[in-house]
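Undergrad: The lines below spell out each chain.
Protein chains: 2
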Amino acid sequence: MTSNLRIRKADDMHIHLRQGELLAKVLPHTASQCARALVMPNTTPPIVTADDLNNYRNSIQKLLKTEDAFVPLMTFRVMPTTTPAMVKDHKRAGATAGKLYPEGVTTNSEGGVKDLQTLYPVYKAMEEEGLVLCLHGEVPGVFSLDRETAFLETLRTLAKDFPKLKIVLEHATTADAIDTVLKLSANVAATLTAHHLRITLDDVIGDKLNPHVFCKPIAKRPADRDALLKAATSGNPKFFLGSDSAPHPVESKECACGAAGVYTAPVLLPVLAETFESAGHLDKLESFTSRFGAEFYRLPLNEQYIELHRESWTVENQYGGVVPFMAGHRFAWKLSSASSSSKANKTKQTAKSSA
Amino acid sequence: MTSNLRIRKADDMHIHLRQGELLAKVLPHTASQCARALVMPNTTPPIVTADDLNNYRNSIQKLLKTEDAFVPLMTFRVMPTTTPAMVKDHKRAGATAGKLYPEGVTTNSEGGVKDLQTLYPVYKAMEEEGLVLCLHGEVPGVFSLDRETAFLETLRTLAKDFPKLKIVLEHATTADAIDTVLKLSANVAATLTAHHLRITLDDVIGDKLNPHVFCKPIAKRPADRDALLKAATSGNPKFFLGSDSAPHPVESKECACGAAGVYTAPVLLPVLAETFESAGHLDKLESFTSRFGAEFYRLPLNEQYIELHRESWTVENQYGGVVPFMAGHRFAWKLSSASSSSKANKTKQTAKSSA
Numbered sequence: 001m002t003s004n005l006r007i008r009k010a011d012d013m014h015i016h017l018r019q020g021e022l023l024a025k026v027l028p029h030t031a032s033q034c035a036r037a038l039v040m041p042n043t044t045p046p047i048v049t050a051d052d053l054n055n056y057r058n059s060i061q062k063l064l065k066t067e068d069a070f071v072p073l074m075t076f077r078v079m080p081t082t083t084p085a086m087v088k089d090h091k092r093a094g095a096t097a098g099k100l101y102p103e104g105v106t107t108n109s110e111g112g113v114k115d116l117q118t119l120y121p122v123y124k125a126m127e128e129e130g131l132v133l134c135l136h137g138e139v140p141g142v143f144s145l146d147r148e149t150a151f152l153e154t155l156r157t158l159a160k161d162f163p164k165l166k167i168v169l170e171h172a173t174t175a176d177a178i179d180t181v182l183k184l185s186a187n188v189a190a191t192l193t194a195h196h197l198r199i200t201l202d203d204v205i206g207d208k209l210n211p212h213v214f215c216k217p218i219a220k221r222p223a224d225r226d227a228l229l230k231a232a233t234s235g236n237p238k239f240f241l242g243s244d245s246a247p248h249p250v251e252s253k254e255c256a257c258g259a260a261g262v263y264t265a266p267v268l269l270p271v272l273a274e275t276f277e278s279a280g281h282l283d284k285l286e287s288f289t290s291r292f293g294a295e296f297y298r299l300p301l302n303e304q305y306i307e308l309h310r311e312s313w314t315v316e317n318q319y320g321g322v323v324p325f326m327a328g329h330r331f332a333w334k335l336s337s338a339s340s341s342s343k344a345n346k347t348k349q350t351a352k353s354s355a
Numbered sequence: 356m357t358s359n360l361r362i363r364k365a366d367d368m369h370i371h372l373r374q375g376e377l378l379a380k381v382l383p384h385t386a387s388q389c390a391r392a393l394v395m396p397n398t399t400p401p402i403v404t405a406d407d408l409n410n411y412r413n414s415i416q417k418l419l420k421t422e423d424a425f426v427p428l429m430t431f432r433v434m435p436t437t438t439p440a441m442v443k444d445h446k447r448a449g450a451t452a453g454k455l456y457p458e459g460v461t462t463n464s465e466g467g468v469k470d471l472q473t474l475y476p477v478y479k480a481m482e483e484e485g486l487v488l489c490l491h492g493e494v495p496g497v498f499s500l501d502r503e504t505a506f507l508e509t510l511r512t513l514a515k516d517f518p519k520l521k522i523v524l525e526h527a528t529t530a531d532a533i534d535t536v537l538k539l540s541a542n543v544a545a546t547l548t549a550h551h552l553r554i555t556l557d558d559v560i561g562d563k564l565n566p567h568v569f570c571k572p573i574a575k576r577p578a579d580r581d582a583l584l585k586a587a588t589s590g591n592p593k594f595f596l597g598s599d600s601a602p603h604p605v606e607s608k609e610c611a612c613g614a615a616g617v618y619t620a621p622v623l624l625p626v627l628a629e630t631f632e633s634a635g636h637l638d639k640l641e642s643f644t645s646r647f648g649a650e651f652y653r654l655p656l657n658e659q660y661i662e663l664h665r666e667s668w669t670v671e672n673q674y675g676g677v678v679p680f681m682a683g684h685r686f687a688w689k690l691s692s693a694s695s696s697s698k699a700n701k702t703k704q705t706a707k708s709s710a
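Sequences listed follow chains A and B, in order. Residue 67 in this note's numbering sits at position 67 of the first sequence, and the numbers go up by one each step. Heads up, this note's numbering is the position in the second sequence plus 355, with the first residue counted as 1.
None of these hints come from the bench; they were simulated from the model. All of these numbers come straight from a predicted model, not from anything done at the bench. No incorrect hints appear here.
Example chain A residues on the side facing chain B (calculated, C-beta under 7 Å, incomplete):
no., residue
1, Met13
2, Phe214
3, Gly235
4, Pro237
5, Leu269
6, His281
7, Glu286
8, Gln304
Beta carbons are placed, not taken as given, at the ideal position from N, Cα and C, and that holds for glycine.
This is chain A alone, in the form it adopts within the complex (with noise of 0.2 Å):
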């Protein structure tokens, strides 16, 4: 077994280093392992022009000591408004790679880019600098689990058009995406993350809710993992490493939100309400809510009535302490306060005879 490795430091393709005081207490940790990093450009502002990103290089220079060796390979985002011409000036700054972010994707990807067709001057721009595109590859609005797969077709196509652009889709997630970068020619790549190769869904949800291994591409199935984690020690050069490190400071992430279970009780029928009629079939709610548990169970249907009407209102944002499903949602039905309850003395005798 062996005790010692002895290996070349670290070229981490794929790092967030943010900014000011975040920025001096996370980078000794990549310095001290890393000779190069791949810093990603979705800072605030982000890294948008050549001087954004020679100043974004100079900050983080400055803080590193005289022993470190480590140099940082700066990007740019790829913005709407990114021209040809800008990409130029990048390559002359000395950027090495672009980043692109659909927009809304992932943290400070606001702005980011709706229709990736508009931007084919610039990809064309980057493939004859040399400069690299890397993608976060997923399709925002597409259901969770699925957007990194959504993402594929496009990849296919950026592959197709410009054969000679290097392309990096960012720490792939799953299986699909695996697949389909083996497919593709030795252009293109994927960076595979350290996290990615140890955690499923389980892990952020399977148990308690684990906000710290929440990231997004969200970690997938068992299977998933099994196909990077088979990527990722194949020996195949199209997969290394970009760890996606992403420090957020510990109020923004830390919290003992492990609790499992929605409190829907102080709002159940107008939620129901709303969301029977929203589905057209609000003639079917009693029967849902009041009738066919009762039959189930061989109770006589209860005697009692409750009244909603159509007034918007707010829900609380607790009530007693504990948070309500829906807290803060205008609802459309609103509990009326005087309900009546024909027999309601009757009942609760029987149910304490019963006892």
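Assemble chain B onto chain A, guided by the hints.
TA: Okay, now just chain B, sitting in the frame of chain A:
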């Protein structure tokens, strides 16, 4: 458009009322909208004996106001220790149903049933006594999204072996469950929650992490929600309300834990070394971390080296206010303090000059 709705009060056939102060807080919400509710027995300690059941009913009834006409329908927990004699005691105490939680499947399910077959005498007694068997239908240990589907074979078996036993699959969340319940006899039904008719997994993890809709079983795909909604609104009496309303104090739910990203940098190489070694491919580590990326990016291989050695150590819970990946984990590989850096200054020089 209907502007007023007058319906019977609900029978909520699956509710968590908790105990003590929380019970006092949540009960009015249910009592004001429901005539009856089937009260779940996974309290702390659980409702196991007829005395437990009577005491719990009393504690609920003591909190009801004179004008309330709410009847709690009581349940007992079917435990590995439950006997046919205890079933008869529960019947005498006025129990409506017995609730079975597979071990470890949800909140307060510790000490649950590991082998459902061992309880056949109990189901037989329940069948004879006319007590309903309520099932939390998930198989623990299976991948989260498949847990309910994996349970359906057990449901079919129980329905076959106890044709006169009334069985409720609680809080169904999948199209598979709906299909199965539809195919089984009229003695098998399913409760549906309000929230599962509204949300999918995307509401939990699709954007920011939302602990307030995190529950067991976890919400599934849009097609599953559609199947639940179709069942709920179909008019088929096999499907009725069980809200599964489950209050947790805000402290155990609330947080700003939405930010997406995993902070791997402090432990990057120890994680990868462990991961590759476990996979039997430690020899592939360096290519993955330090070669393929460079080659793809057409960079010279870096000339710096880092060392890890086999030493057990535990990852800190925070680094500079950020929680790292695998915080608290005990690793077998540790970074050696002295890492060699040949050509360090030269590399840095090159980096700066390229800017």
